[in-house]
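Listed in order, the protein sequences are those of chains A and B.
Here the UniProt record's numbering is used: the first residue of the first sequence is 1, the next is one more, and so on.
Here the UniProt record's numbering is used: the first residue of the second sequence is 1, the next is one more, and so on.
Everything labelled a hint here was simulated from the structure, so no lab data went into it.
Be aware that one or more of the hints could be misleading.
One copy or any two copies: either way a pair holds, since identical chains are not told apart in the list.
[To be verified] Only pairs whose alpha carbons sit at most 25 Å apart, straight line, appear in this in silico DMTMM-like list of lysine to aspartate or glutamate:
no.: 1; residue 1: Lys94; residue 2: Asp278
no.: 2; residue 1: Lys94; residue 2: Asp137
no.: 3; residue 1: Lys94; residue 2: Asp138
no.: 4; residue 1: Lys94; residue 2: Asp66
no.: 5; residue 1: Lys94; residue 2: Glu306
no.: 6; residue 1: Lys94; residue 2: Asp113
no.: 7; residue 1: Lys94; residue 2: Asp112
no.: 8; residue 1: Lys94; residue 2: Asp249
no.: 9; residue 1: Lys94; residue 2: Asp175
no.: 10; residue 1: Lys94; residue 2: Asp216
no.: 11; residue 1: Lys94; residue 2: Asp304
no.: 12; residue 1: Lys94; residue 2: Asp321
no.: 13; residue 1: Lys94; residue 2: Glu245
no.: 14; residue 1: Lys94; residue 2: Asp220
Number of protein chains: 2
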Amino acid sequence: MTGTASRPTLEAVAERAGVSRATVSRVVNGGDGVREPLAERVRRAVEELGYVPNQAARSLVTRRHDAVAVVIAEPETRVFADPFFALQLRGISKELTAHDSQLVLLLTEGRDDHARVGRYLAGGHVDGALVFSLHLDDPLPGLIHGAGVPTVFGGRPGWGDGPPDAVPAVYVDCDNRGGAREAVRHLVGLGRTRIAHITGALDQTSAVDRLDGFRDVMADAGPELVVEGDFTPAGGERAMRELLERRPDVDAVFAANDLTAAGALRVLREHGRRVPEDVAVIGFDDMLAVAEQTDPPLTTVRQDIEGMGRLMARLLLRRIDGGVAEPGPEDSSGGVVLPTALVRRASA
Amino acid sequence: MTGTASRPTLEAVAERAGVSRATVSRVVNGGDGVREPLAERVRRAVEELGYVPNQAARSLVTRRHDAVAVVIAEPETRVFADPFFALQLRGISKELTAHDSQLVLLLTEGRDDHARVGRYLAGGHVDGALVFSLHLDDPLPGLIHGAGVPTVFGGRPGWGDGPPDAVPAVYVDCDNRGGAREAVRHLVGLGRTRIAHITGALDQTSAVDRLDGFRDVMADAGPELVVEGDFTPAGGERAMRELLERRPDVDAVFAANDLTAAGALRVLREHGRRVPEDVAVIGFDDMLAVAEQTDPPLTTVRQDIEGMGRLMARLLLRRIDGGVAEPGPEDSSGGVVLPTALVRRASA
Numbered sequence: 001m002t003g004t005a006s007r008p009t010l011e012a013v014a015e016r017a018g019v020s021r022a023t024v025s026r027v028v029n030g031g032d033g034v035r036e037p038l039a040e041r042v043r044r045a046v047e048e049l050g051y052v053p054n055q056a057a058r059s060l061v062t063r064r065h066d067a068v069a070v071v072i073a074e075p076e077t078r079v080f081a082d083p084f085f086a087l088q089l090r091g092i093s094k095e096l097t098a099h100d101s102q103l104v105l106l107l108t109e110g111r112d113d114h115a116r117v118g119r120y121l122a123g124g125h126v127d128g129a130l131v132f133s134l135h136l137d138d139p140l141p142g143l144i145h146g147a148g149v150p151t152v153f154g155g156r157p158g159w160g161d162g163p164p165d166a167v168p169a170v171y172v173d174c175d176n177r178g179g180a181r182e183a184v185r186h187l188v189g190l191g192r193t194r195i196a197h198i199t200g201a202l203d204q205t206s207a208v209d210r211l212d213g214f215r216d217v218m219a220d221a222g223p224e225l226v227v228e229g230d231f232t233p234a235g236g237e238r239a240m241r242e243l244l245e246r247r248p249d250v251d252a253v254f255a256a257n258d259l260t261a262a263g264a265l266r267v268l269r270e271h272g273r274r275v276p277e278d279v280a281v282i283g284f285d286d287m288l289a290v291a292e293q294t295d296p297p298l299t300t301v302r303q304d305i306e307g308m309g310r311l312m313a314r315l316l317l318r319r320i321d322g323g324v325a326e327p328g329p330e331d332s333s334g335g336v337v338l339p340t341a342l343v344r345r346a347s348a
Numbered sequence: 001m002t003g004t005a006s007r008p009t010l011e012a013v014a015e016r017a018g019v020s021r022a023t024v025s026r027v028v029n030g031g032d033g034v035r036e037p038l039a040e041r042v043r044r045a046v047e048e049l050g051y052v053p054n055q056a057a058r059s060l061v062t063r064r065h066d067a068v069a070v071v072i073a074e075p076e077t078r079v080f081a082d083p084f085f086a087l088q089l090r091g092i093s094k095e096l097t098a099h100d101s102q103l104v105l106l107l108t109e110g111r112d113d114h115a116r117v118g119r120y121l122a123g124g125h126v127d128g129a130l131v132f133s134l135h136l137d138d139p140l141p142g143l144i145h146g147a148g149v150p151t152v153f154g155g156r157p158g159w160g161d162g163p164p165d166a167v168p169a170v171y172v173d174c175d176n177r178g179g180a181r182e183a184v185r186h187l188v189g190l191g192r193t194r195i196a197h198i199t200g201a202l203d204q205t206s207a208v209d210r211l212d213g214f215r216d217v218m219a220d221a222g223p224e225l226v227v228e229g230d231f232t233p234a235g236g237e238r239a240m241r242e243l244l245e246r247r248p249d250v251d252a253v254f255a256a257n258d259l260t261a262a263g264a265l266r267v268l269r270e271h272g273r274r275v276p277e278d279v280a281v282i283g284f285d286d287m288l289a290v291a292e293q294t295d296p297p298l299t300t301v302r303q304d305i306e307g308m309g310r311l312m313a314r315l316l317l318r319r320i321d322g323g324v325a326e327p328g329p330e331d332s333s334g335g336v337v338l339p340t341a342l343v344r345r346a347s348a
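Here chain A stands alone, though its shape is the one from the complex (with noise of 0.2 Å):
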């Protein structure tokens, strides 16, 4: 990188143009009310001078943006649905406005604009990259990878040997099995035997990890007692409905998220099951948006969503900044994982 000093000025630009500075600046900055001639005569001369507008040129020099992308790899239906995007991305507002850098986030239709994505990371705007919510078969790890910016991961990713270039992935998560296991022993202590699991998304280790949990505590329960959702309310209704019909006699659910929950209490009234009486049910997230508002209130396994959000912020920052991201002492892959803590309501 060569010096400020010899580097060509705008003045220099429009000396050579034969124009005024402010006509090369609204040139180089997209502005329109530019002549086509007279705008390609300051193009030529940004081009013969190699010329570098000053922002670009500033973060060519410091490498620095002052803005992190956020990357949810869900639908933007999804991200708007469910509140616990919006609570995570409450805590990296925060963190993020207090150290001045601009929060980005990359909304996309589906899972095949991540390229695009990618390409955007890769193209020198951010200092680095949060993602959120990946999926086994995903691309963007790969693409994140290639587009070579610092990032930090909500949720332990799902590959298995760790990233192409075995550096460790830093991420943030919860002790999903450790709080399913709680979640499952607590309804053992109430006495029931019948207890069902309704999954999270399965393409995802968040959902794979509470079921690791429940068979930790139900290593007898029968598959028919296992239904597979998606995080979804409508999801946690299709799951119960065909729970009931399979094990009419099950008298208790964890269910992998409270959406889920949600939507199996709105089935097992319709089907004029009494909650907890009947059926106890659990979920998994303590989103007060929704576990106080359910009918009954719901008991769940609470992680500290916004804190998740900050703390990947704190971790990214830092790893911006040139120092390294603290691996957290339960886990030597560079992720930190968090405590989870269940919360009684009247539902269990």
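Following the hints, complete the assembly by docking chain B onto the known chain A.
Below, chain B alone, put in the same frame as chain A:
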């Protein structure tokens, strides 16, 4: 991050090919004006050195980032709490995806962060900006103007005589005043005589226009029948309580949006007023997630929020591509104003 040191530079290619930097740049970016034997020499040098054009540098020349910023002049918490924004973003996202342009949502904690948004827009990261929910004293229009990127506004901007340089702002809006008139006329037609209005945030043109529409019909309404809200359910509750104290005999309410109406309905129920028998209520927006869920379901003024988002994106992409945004027939200052329609449900 891979080191820049090992990556071949534009200069190295120029040296290898024995041409100027400008010539390499022109060939690499697919530009014309380089004679074929020279261009071929450059291409060979590119291949031999394994030169990969720097994306940021290339976009300085091509002047395209294939990305559009969306700026909502509200704190991140409101963006996620009000389904209006999700609907508008859905329309924008669909349109941008169809043009393979990345939607970049710039989130903030509040107005203090708008200078940073201006810096990002000026930093050469996007081809243009869609800006909505502006407030009268917001510094954003000036910052955006300074950034010099093509912009389309959602909702008529509130500045009196156009932006600083008198270039007409391009915007998409609905007929707020006409829609309000239709709502209030409907209440008059039902025989209501003590018709009140709960306004939106009066530092936004949409709220002012709806208030004007109310006054067009109710020129004689006393000032105690107009209470200020802020487009939120909490604001609607506060305003409805105040209204019931001022005018316990109120027999109809036109609320500035559906969320405000939802808050007002809750307070009316609390006070034992039957809707619509005692008090008829009309909202504005027709957001199904709100208007169909209230008790009773809400009569409201429909605007095509998602369609407005699509149209904003379309107009912006046309400006970016060098065409001009077509001004609507209804407005000479570059605005496109879409019609509204009254949707009758049980509340009025």
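Quick one: which hint numbers does this structure break? Sort them smallest to largest. Checked against the structure, the hints that fail are numbers 1, 8, 10, 13, 14, while the rest are satisfied.
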